[in-house]
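S.K.: Residue numbers (UniProt numbering), protein chains in the order written: chain A, 1 to 168; chain B, 1 to 168; chain C, 1 to 168.
Incorrect hints may have been included.
One copy or two, either will do: identical chains are not told apart, so a pair holds if it fits within one copy or between any two.
Straight-line distance between alpha carbons at most 27 Å, and here's what the computed DSSO-like set of lysine-lysine pairs gives [what the hints assert, rightly or not]:
{"hint": "1", "residue 1": "166", "residue 2": "3"}
{"hint": "2", "residue 1": "168", "residue 2": "25"}
{"hint": "3", "residue 1": "3", "residue 2": "168"}
{"hint": "4", "residue 1": "25", "residue 2": "166"}
Hints in this document: simulated from the structure, not taken from any laboratory.
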Amino acid sequence: MGKSILVTGGARSGKSAIAEGLALKLPGRPVYIATAEARDGEMSERILRHRARRGDEWRTVEEPLDLVGVLQATDGDGARLVDCLTLWLSNLMEAGQDPVAEGEALARALAAQRAPVILVTNEVGSGIVPDNALGRAFRDAAGELNQMIARASDDVYLAVSGCPLKVK
Amino acid sequence: MGKSILVTGGARSGKSAIAEGLALKLPGRPVYIATAEARDGEMSERILRHRARRGDEWRTVEEPLDLVGVLQATDGDGARLVDCLTLWLSNLMEAGQDPVAEGEALARALAAQRAPVILVTNEVGSGIVPDNALGRAFRDAAGELNQMIARASDDVYLAVSGCPLKVK
Amino acid sequence: MGKSILVTGGARSGKSAIAEGLALKLPGRPVYIATAEARDGEMSERILRHRARRGDEWRTVEEPLDLVGVLQATDGDGARLVDCLTLWLSNLMEAGQDPVAEGEALARALAAQRAPVILVTNEVGSGIVPDNALGRAFRDAAGELNQMIARASDDVYLAVSGCPLKVK
């Protein structure tokens with residue numbers, strides 16, 4: 001059974017670089033599964049910068065919603081890197097899908113993979129309580145999703161200033 | 001002397017479940033000390049969900065302000081779980097009480113307990129600086145309270161995506 | 001070569017006290033390098049409180065921008081404590097200087113020091129995404145700077161409720 005690894009951390013904490021390093025140590029050509037869609041200039045710039053850092057060793061697949069489908073379609077010999085769950089959650093909520101049901105389906109899919117999966121997510125719940133209900137609902141859903149995927153993962157790392165800290 | 005354990009973490013990081021697990025491993029019937037008051041629908045829903053998860057093994061006491069009094073009144077053979085200090089701080093500030101004096105009194109009370117106490121608190125200071133003075137004052141007071149209670153505790157855990165990380 | 005140590009953490013997480021404790025264990029009279037400028041009452045009060053806690057063992061230098069220069073000028077036998085990088089970044093951005101170039105220059109300067117340097121910084125990226133572009137740009141720049149200085153540091157600690165957690 002393929003190992004699942006979750007890498008969490010704050011914004012610009014080095015999560016993606018840590019996850020990429022883990023993927024490159026595994027055998028096979030890694031697959032980068034981007035949940036981001038380039039809808040504005042800020043996001044396009046960020047996507048291009050991430051892609052330039054990765055280089056040609058990677059195959060890239062873009063999928064904003066159907067992570068379970070793309071994991072099944074890419075279950076070969078290389079590791080899959082999902083970057084990131086927080087944007088996926090945001091896409092799900094915008095599309096009116098149920099984050100809990102989708103998170104549970106993803107957790108089940110992880111247990112069924114042959115090749116490894118590394119998932120990047122964000123810590124969004126360590127600031128003061130957001131002053132709007134949507135912000136509170138989003139950070140609650142993100143925390144629940146992180147716990148759900150951490151339970152389904154073999155290893156969990158917290159990125160702190162670029163340093164990986166093993167928490168599971 | 002009863003052991004004191006502090007469990008901190010962001011929103012929906014699994015703090016309460018970790019703290020409940022620790023309490024249930026200790027001998028005696030545990031006492032759940034809720035500092036939350038159900039003042040709106042969002043909060044009522046959250047309280048009911050937490051209570052349903054705990055089930056009947058627990059005795060529940062609700063106390064928004066006088067934690068020292070309730071610790072003295074419940075100092076029997078079961079562990080006490082205080083959930084959570086951040087709401088207590090918010091209640092204190094709203095009632096015009098001095099958070100530093102109350103925090104020091106709580107720290108002294110912990111040292112005098114016979115039965116163990118497990119306290120849940122929140123990380124609220126790892127986002128960008130809040131743009132209003134009240135938000136800044138609250139996160140500063142919350143950080144000071146967390147440090148004060150961590151000093152008075154034997155063990156301190158940080159919850160990350162549901163995984164407990166021992167920091168003391 | 002002087003050792004470099006980075007201490008990061010949220011607001012009021014005990015970062016400064018941990019960093020001061022590390023500096024006082026090292027030989028020589030420590031130098032406190034404050035990047036804060038007292039521009040309002042809230043900040044003045046905070047600076048005075050920090051200074052009162054440190055006492056007379058320390059030499060204090062205030063420098064909002066030229067950290068490389070002040071490190072060169074104070075490279076004697078005592079440790080230097082820079083408190084903090086997040087305010088320095090804020091000062092750089094306000095002065096129209098390039099945070100990446102300045103961060104790289106600081107990283108190079110650290111490698112050239114004879115006496116040790118302890119640097120305090122803040123975790124600002126673990127709340128929900130700020131709703132304004134300036135807030136997002138600041139937390140991104142702060143995260144990048146933290147990673148850059150962590151790479152140039154021998155040890156990195158995360159402060160959690162006053163407890164130091166070694167992450168490198």
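S.K.: Next, verify each hint and record whether it holds.
M.R.: The hints, checked one at a time:
Taking identical chains as interchangeable, the C-alpha atoms of residue 166 and residue 3 lie at most 27 Å apart whether they share a chain (15 Å) or sit on different chains (25 Å). Taking the shortest Cα distances, residue 168 and residue 25 sit within 27 Å of each other both inside one copy (19 Å) and across copies (20 Å). Taking identical chains as interchangeable, the C-alpha atoms of residue 3 and residue 168 lie at most 27 Å apart whether they share a chain (13 Å) or sit on different chains (25 Å). Both within a single protomer and between protomers do residue 25 and residue 166 lie at most 27 Å apart by alpha-carbon distance, with minima of 17 Å and 25 Å respectively.
In this structure, every one of the numbered hints holds.
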